[in-house]
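K.L.:
Given the sequences, and given the hints that come with them, work out the whole structure.
In case you want the letters, here they are:
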Amino acid sequence: MSFGQLGYDVAHLLGGGVLLLSFVLLYQRRIGAVINAFATQGTLLALAAAWQAHAQGAPGLYLTAVLAFAAKGVLIPLALHAIVRRLDLHRSVETALGVGLSMTAGVALVGLSILVVLPATEGARALAREDVALALSVVLLGMLMMITRRNAISQVIGLLSLENGLILAAIGVAGMPLVVELSTAALVLMVAVVAGVFAFQIRERFDTLDTGSLEEHRGEGR
Amino acid sequence: MPLQWAIVFFAWGGAVALAAVPRLRTATMLNVGISAVFFLLAVALALQPFAQHGWTHTDALNTPFILVSAFVGLTTSVFSAATLDQEGFDHWRIRAYHAAYQVFMGAQTLALLADNLGVMWVAIEIATLATVSMVGVHRTPAAFEAAWKFFILCGVGIALALFGTIVLYLAAQPLLHEETGLSWAALMGVAARCDPNTLNLAFAFLLLGYGTKAGLVPLHSWLPDAHAEGPVPISAVLSGLLLNAAMLAVLRAKSIVGANPDAIAPGPFLLALGLASVLLASVSLWRRRDVRRFFGWSSIEHMGIVAFAFGLGGAAANLAGLLHLLGHSVIKSAVFFGVGRAAQAKGSQKIADISGLVATHPALGWGLAFAIAGIAGMPPFLLFVSEFRLLTAAAAEAPWLGIALVVGMVMALAALITVLQALCFGPPTPDAAGALDGWREAAAAAPLWLHLAVATLLGLAMPGALGAMLAEAARIIG
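Protein chains in written order, with our numbering: chain A, 1 to 222; chain B, 1001 to 1478.
Read the hints as simulated data drawn from the structure, not as lab findings. Certain hints may be false.
[Said to hold, decoys possible] One side only, chain B facing chain A, incomplete, derived with CB under 7 Å:
#1 Gly1088
#2 His1091
#3 Trp1092
#4 Val1122
#5 Glu1125
#6 Leu1153
#7 Gly1155
#8 Leu1170
#9 Gly1181
#10 Leu1460
[To be verified] A few chain B positions that, by computed beta-carbon distances, are all more than 12 Å from chain A:
#11 Pro1022
#12 Asp1085
#13 Gln1086
#14 Phe1205
#15 Ala1316
[Unchecked claim] One side of the interface only, derived from the structure: several residues of chain A facing chain B at Cβ under 10 Å:
#16 Val74
#17 Leu75
#18 Leu159
#19 Gly165
#20 Leu178
Even for Gly, the Cβ is constructed at its ideal location relative to N, Cα and C.
P.N.:
Dropping the structure here:
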């Protein structure tokens, strides 16, 4: 597959779409909209995996695509909406970091990942290395989201979108063994994190999902 | 089925069986039985010649750690059987606790055994999930915070490690067949011809990712809380075993990058993280009021010493690092047996509330005093040998860094001795209600003394076969 072919272009389009939604996640303030943006990102990721399955002739990746769509496009967003309803967080608006500032930081991180990945991977094929650059951007933006949000559900969504970046990297590297197994294992971890939000029911104990309030419970008090 | 897989699936099968047992006494006894058979299987595995079986392998580097894991797993199950009723679990938690324990043991062993880096990643993930649920099991606000922090930080950590693994494959892809693509042995074979820049990128992510799990500063903040909130036996296996698996993962990554002459030298990164860990921990130890958090910070210090040793590199320092990892596993789990039992007996984890143990509980008090002296690096225990060897190597190769290390170690030593005196020799504080009966008190103290005996034996008279194996392992790390 060489530069300018359809397979290359579509893979880039989908990868770019995933990255774009990372920016949407960064600036959205309302929690319901954040969850919907995450659902869209998961669906795009599933499409990207299905496209790679087609382009690489690797049928196993179709399984990754189906799992990604079912879990990240449908089930996890539904579960998160249910938590938000139960905890009555619909109207909560967060202002951890201004929109302009988080966007600037996000663009800087994308620039950083391109500067880091492209020179470092000169030996690899063009498609793979540009996919890895996109994926690293998604990973870094996920981390940025985890840092700038103080609400536990938004932080979890940051982690989930970080993991979307990992899957994007894994499916882009043609011929990587165990991709399906690894992406499934990563998905299990993410499902467990979401289950953790249910199990720990932080709201119930603390009357807030603001993880800042957790800091008071270090067990080091007098 | 080869023994490598049999041992892992034996533990996981045991987890399924234990999940079905609601009675405390039956479950604890079954857990001890499974751990005993697991230990025998590990010994049998160590006696076999080194071999590779598909995704797993045994070599001089992982075999000593598998033995120590199985040993600590067995003694911890005995301690757990003696003291678990103090945790006040209902029958669901008894099932969950024992199942999580064996899932952790299986996953931890698989992480050590794995040749395939993808399998190793999955195993470390499973071990993390098994322990997270146990850290939060008491459902107090502090336990929630500890579990949440553990979960989120280690979630990010292992996510970064997976990214590093993918980039590592990208580096080796042009030189490898698909099936062997993530095999550590195969990657070692082609590492010298891989693209060095891609290897650097992979190493950065692997070090950050697995370094989080190993508790290296600045990625450590989950560690003290996670060690303080779960049931006591979980603290012992977290500190004694999980940190080893994570450190070994870092070493596997280091050896691949180190095999490429054009790639960045991995040593200085480990040196910097290690020194930062030792120095920060040596200061933080002075500010702790909670005894289990105190020893959690001490684990950070020891992981720092280990990272320093491997960062220094060379046969002598590597051997010191390996000895230190083994010694830390054996002695730190003994310390957690001691402080865990003491905290139960006194009804509090505050250092101020636990005092004069030697007067009120002689077997426990003296055992804990020796264990803390051991973790502080006093002779005749193994950590004295490893620290002595490390300082000798550091004096020869990097004297200025060695001085910084000594400053940290001495400050930590002073903090440990202060706490030793407070816990064991101060004026006795009153016991909480609900003392154990005689034989269970003995069963709770026996693992502590057994660990001290093993640490002394390894310190004074290392068995020849084990010594040769460790010397070979020091060569593998490079």
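K.L.:
Hint by hint, say whether it matches the structure.
P.N.:
Outcome of the hint check:
no., hint, verdict
1, Gly1088, "18 Å, violated"
2, His1091, "18 Å, violated"
3, Trp1092, "13 Å, violated"
4, Val1122, "5 Å, holds"
5, Glu1125, "6 Å, holds"
6, Leu1153, "10 Å, violated"
7, Gly1155, "6 Å, holds"
8, Leu1170, "5 Å, holds"
9, Gly1181, "5 Å, holds"
10, Leu1460, "38 Å, violated"
11, Pro1022, "20 Å, holds"
12, Asp1085, "23 Å, holds"
13, Gln1086, "18 Å, holds"
14, Phe1205, "9 Å, violated"
15, Ala1316, "33 Å, holds"
16, Val74, "22 Å, violated"
17, Leu75, "19 Å, violated"
18, Leu159, "6 Å, holds"
19, Gly165, "8 Å, holds"
20, Leu178, "4 Å, holds"
In this structure, the hints that do not hold are numbers 1, 2, 3, 6, 10, 14, 16 and 17, in rising order.
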